[in-house]
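Enquirer: Chains as they are written, first to last, in the numbering used here: chain A, 100 to 499; chain B, 253 to 332.
Since the hints were derived computationally from the structure, they do not count as laboratory data.
Model, not experiment: these values are computed from the prediction.
The beta-carbon is built from N, C-alpha and C at its ideal position, and this holds for glycine as well.
Among the hints, a few may not be true.
Partial list, computed: chain B residues near chain A (C-beta under 10 angstroms) [what the hints assert, rightly or not]:
1. Leu287
2. Asp290
3. Asp303
Within a straight-line C-alpha distance of at most 25 angstroms, the following computed BS3-like cross-link-like pairs (lysine-lysine) qualify [what the hints assert, rightly or not]:
4. Lys272(B) with Lys265(A)
5. Lys262(B) with Lys265(A)
6. Lys329(B) with Lys268(A)
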Amino acid sequence: MTDLFSKFDPLIQQRENLLATGVRDPFSLVMEEVKSPTVAVCNGRETILLGTYNYMGMTFDPDVIEAGKKAFDEFGAGTTGSRVLNGTFRDHRDVEEALKEFYAMDHAMVFSTGYQANLGIISTIAGKGDYIILDIDSHASIYDGCKMGDAEVVAFRHNDVEALEKRLKRLPPEAGKLVVLEGVYSMLGDVAPLKEMIRVSKEAGAMVLVDEAHSMGFIGEHGRGVAEEQGVIDDVDFIIGTFSKSVGTVGGFCVSNHPKFEVMRLVCRPYVFTAALPPSVMASSATSIRKLMHGSNKRAHLWENSKTLHKGLRDLGFKLGTETPQSAIIAVIMPDLERGAMMWEALLDNGLYVNLARPPATPAGMTLLRCSLCAEHTSEQVADILKRFAIAGRATGIIS
Amino acid sequence: MTDRQTVFDKVADLIAPFNKKGTELSDATTFQHDLEWDSLTVMDFVAAVEDEFDIIITMNMQAEIETVGQLVDAVIKLGS
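Based on the provided sequences and hints, a complete structural model is requested.
Expert: Listed below in structure tokens is the structure:
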């Protein structure tokens, strides 16, 4: 018998080698207690959270929790069914209304996760004979959406407008084209030149989908994302987003002004053939989205945090993923996986949690310590974070 | 009609900067095993080939191309 698991042997070996050096497993952290959006207890120690995507700190917002509790009592624990059968409750409709208000768009469709939103929309709208043109650094959910569909897939170099334009011009003019972009790329926290990319896409007759998972609630005047910030949101055909970041719950969505958008509810398999989210999650999400519409003060504080951390880490001598702070994500580049894991553990021992990211999730084979800031991080916490980075960085020899 | 040897030579020129070990090239040379390229090198190389011949090699096609010879044939087909 051929062991089907033998293909994973190199990965198992890599993991064993890493753990043999004595470091704790970076991918099996447990939070024993969560005290606030920015503090949890890990390994019995109070830890500042700097790797949660909880950008706006909505997880503990009293109104968000209250709305969820009420729906829990009134509608029960779960839906036990698909959105198109028995799984659409009052609050599923309400959260879609909240999204339409938030984005000022005509249609909104809620999926069970952001992953499924990309999977569903991309695989359904780009079919046989159509082309998907995507940034090489796209998220796994975008690649998986391509794999699930029947379109031809064309990749271009990360954030390279000219590479995109060249490829669009080489495609058959009459073919259906979907350009897939992200507002903020989550590994390095860099922002896409959407204005130019959307212009060349439209000139080539392509439809444009932008994943704004990491910008919602934070970037743009109304927190609608990078496309809003760059003044091109009206030219975006589909925006994909998630509730598991700024909104602070779980779920995914697509908003659009396409007049035929509602047909998606009938043809999109990752929407049809899965259970709808629990009503409590929908009620919490709707409340959170409506509060995010008025979050400009929190947005300002989050920008301040991002700038302070970026400058502080640079001044300490760390190598960062971006020259300037472009989002709420700041990536610290590690020399290799071993030292990255050592630094990660040293930070955790000093009461600071960040994400350890490694290939294939990262671009260019990099190992990253990825920090995501929260609007609820106080200025004192950010100063504290920098102190802990200094201690851990010197202890592991990453900085001198 | 493009001469196959001309295309092969051009492809070989494009492989050169990525051919770290100076592996001898033939139709049978594989990108993954003989040249030991990772996905990032493949990406950079594919972009170079696309721009040189003004073609598109979709990811669907890339999955089918394992050897230099297969790439040369694909380039000729796409360019015709």
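Enquirer: Each hint should be assessed against the structure and marked as holding or not.
Expert: Here is what the structure says about each hint:
no.	hint	result
1	Leu287	17 angstroms, violated
2	Asp290	7 angstroms, holds
3	Asp303	7 angstroms, holds
4	Lys272(B) with Lys265(A)	28 angstroms, violated
5	Lys262(B) with Lys265(A)	20 angstroms, holds
6	Lys329(B) with Lys268(A)	19 angstroms, holds
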